[in-house]
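Asks: These are the residues of each chain, in order.
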Amino acid sequence: DTGVSQNPRHKITKRGQNVTFRCDPISEHNRLYWYRQTLGQGPEFLTYFQNEAQLEKSRLLSDRFSAERPKGSFSTLEIQRTEQGDSAMYLCASSLDLQTGELFFGEGSRLTVL
Amino acid sequence: AQSVSQHNHHVILSEAASLELGCNYSYGGTVNLFWYVQYPGQHLQLLLKYFSGDPLVKGIKGFEAEFIKSKFSFNLRKPSVQWSDTAEYFCAVNLIKAAGNKLTFGGGTRVLVKP
Numbered sequence: 005d006t007g008v009s010q011n012p013r014h015k016i017t018k019r020g021q022n023v024t025f026r027c028d029p030i031s032e033h034n035r036l037y038w039y040r041q042t043l044g045q046g047p048e049f050l051t052y053f054q055n056e057a058q059l060e061k062s063r064l065l066s067d068r069f070s071a072e073r074p075k076g077s078f079s080t081l082e083i084q085r086t087e088q089g090d091s092a093m094y095l096c097a098s099s100l101d102l103q104t105g106e107l108f109f110g111e112g113s114r115l116t117v118l
Numbered sequence: 064a065q066s067v068s069q070h071n072h073h074v075i076l077s078e079a080a081s082l083e084l085g086c087n088y089s090y091g092g093t094v095n096l097f098w099y100v101q102y103p104g105q106h107l108q109l110l111l112k113y114f115s116g117d118p119l120v121k122g123i124k125g126f127e128a129e130f131i132k133s134k135f136s137f138n139l140r141k142p143s144v145q146w147s148d149t150a151e152y153f154c155a156v157n158l159i160k161a162a163g164n165k166l167t168f169g170g171g172t173r174v175l176v177k178p
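Chains as they are written, first to last, in this note's numbering: chain X, 5 to 118; chain L, 64 to 178.
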């Protein structure tokens, strides 16, 4: 499968713990995006990378959240000191650097904070 | 603030019925428009997209959408739905002049097609 891959698919953690999600984009795509989706809502933009550079961060991305894409390939999203409000589906998407490039989404990583 | 609105949260219809889902956006600039679908247990997939040219665009699985610039709308249609069209549908927009192709999504419409 050459699509966007995310893991783990599900993560259950206790409040206060740290969690990390990984995203492997489609190999030739140089843009990578993180979105968050809660029940009954559409995906909300968190941040995006062009190659290894993080070019934009949403105000939704509090100081407890950090994302990296160290070599311009895979990316990680870490949430420190998780809170119950962090429970959501975290979606990764990738695209080519084109004005009209569509986003290709992974299946998401579902976080449940107890 | 820029936003995307989908008028219906839930739609229930029978097979062979026609489907129309509304989408309005509030961007002032030139936009690209998308409809994504999420089938149960699957990832978001692109149904169709509008960048320029003919405002009536056709996508996969018999779906089409019409861009009406004066109404800031991009409604999705299918003349005759099937049970397999049961899914959640998301309208999304990006600003052409904005960096990064970042998409802003509507809240989604959950469609249930009864066999």
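Incorrect hints may have been included.
If the Cβ cut is set under 7 Å, some of the chain X residues that face chain L in the computed set are [as the list claims (entries may be wrong)]:
no., residue
1, Thr42
2, Gln45
3, Gly46
4, Pro47
5, Phe49
6, Gly76
7, Phe78
8, Gly105
9, Glu106
10, Leu107
11, Glu111
Just so you know, the hints here were simulated from the structure itself, not pulled from any lab data.
Note that the structure is a prediction, hence the values are computed from the model and not measured.
Note that CB positions come from ideal geometry on N, CA and C, so glycine has one too.
Asks: Does Pro47(X) pass the interface hint, meaning its C-beta sits closer than 7 Å to a C-beta of chain L?
Replies: holds, 5 Å
Asks: Against chain L, run the beta carbon of Gln45(X) and see if the smallest gap drops under 7 Å.
Replies: This interface hint holds because 6 Å falls under the 7 Å limit.
Asks: Does the CB of Gly105(X) sit less than 7 Å away from some CB of chain L?
Replies: The hint holds - Gly105(X) has a Cβ within 7 Å of chain L, the shortest such distance being about 5 Å.
Asks: Would you settle whether the hint for Thr42(X) is holds or violated, based on the nearest Cβ-Cβ distance to chain L being less than 7 Å?
Replies: It is violated, given that the least Cβ distance between Thr42(X) and chain L is near 10 Å, above 7 Å.
Asks: Is the shortest C-beta separation between Phe49(X) and chain L less than 7 Å?
Replies: holds, 6 Å
Asks: When the nearest CB of chain L is found for Gly76(X), is that gap smaller than 7 Å?
Replies: violated, 15 Å
Asks: Can Phe78(X) be said to touch chain L, with a Cβ gap under 7 Å?
Replies: violated, 17 Å
Asks: Does Glu106(X) pass the interface hint, meaning its C-beta sits closer than 7 Å to a C-beta of chain L?
Replies: holds, 5 Å
Asks: Hold the hint about Glu111(X) up to the distance rule: shortest CB distance to chain L must be less than 7 Å.
Replies: Interface hint status for Glu111(X): holds (4 Å vs cutoff 7 Å).
Asks: Was the hint right that Leu107(X) lines chain L, CB cutoff 7 Å?
Replies: holds, 6 Å
Asks: Do the numbers back the hint for Gly46(X), that is, is its least Cβ distance to chain L under 7 Å?
Replies: Hint holds; Gly46(X) Cβ to chain L Cβ min 3 Å, cut 7 Å.
In summary, the structure is inconsistent with hints 1, 6, 7 from the numbered list given earlier, while agreeing with the others.
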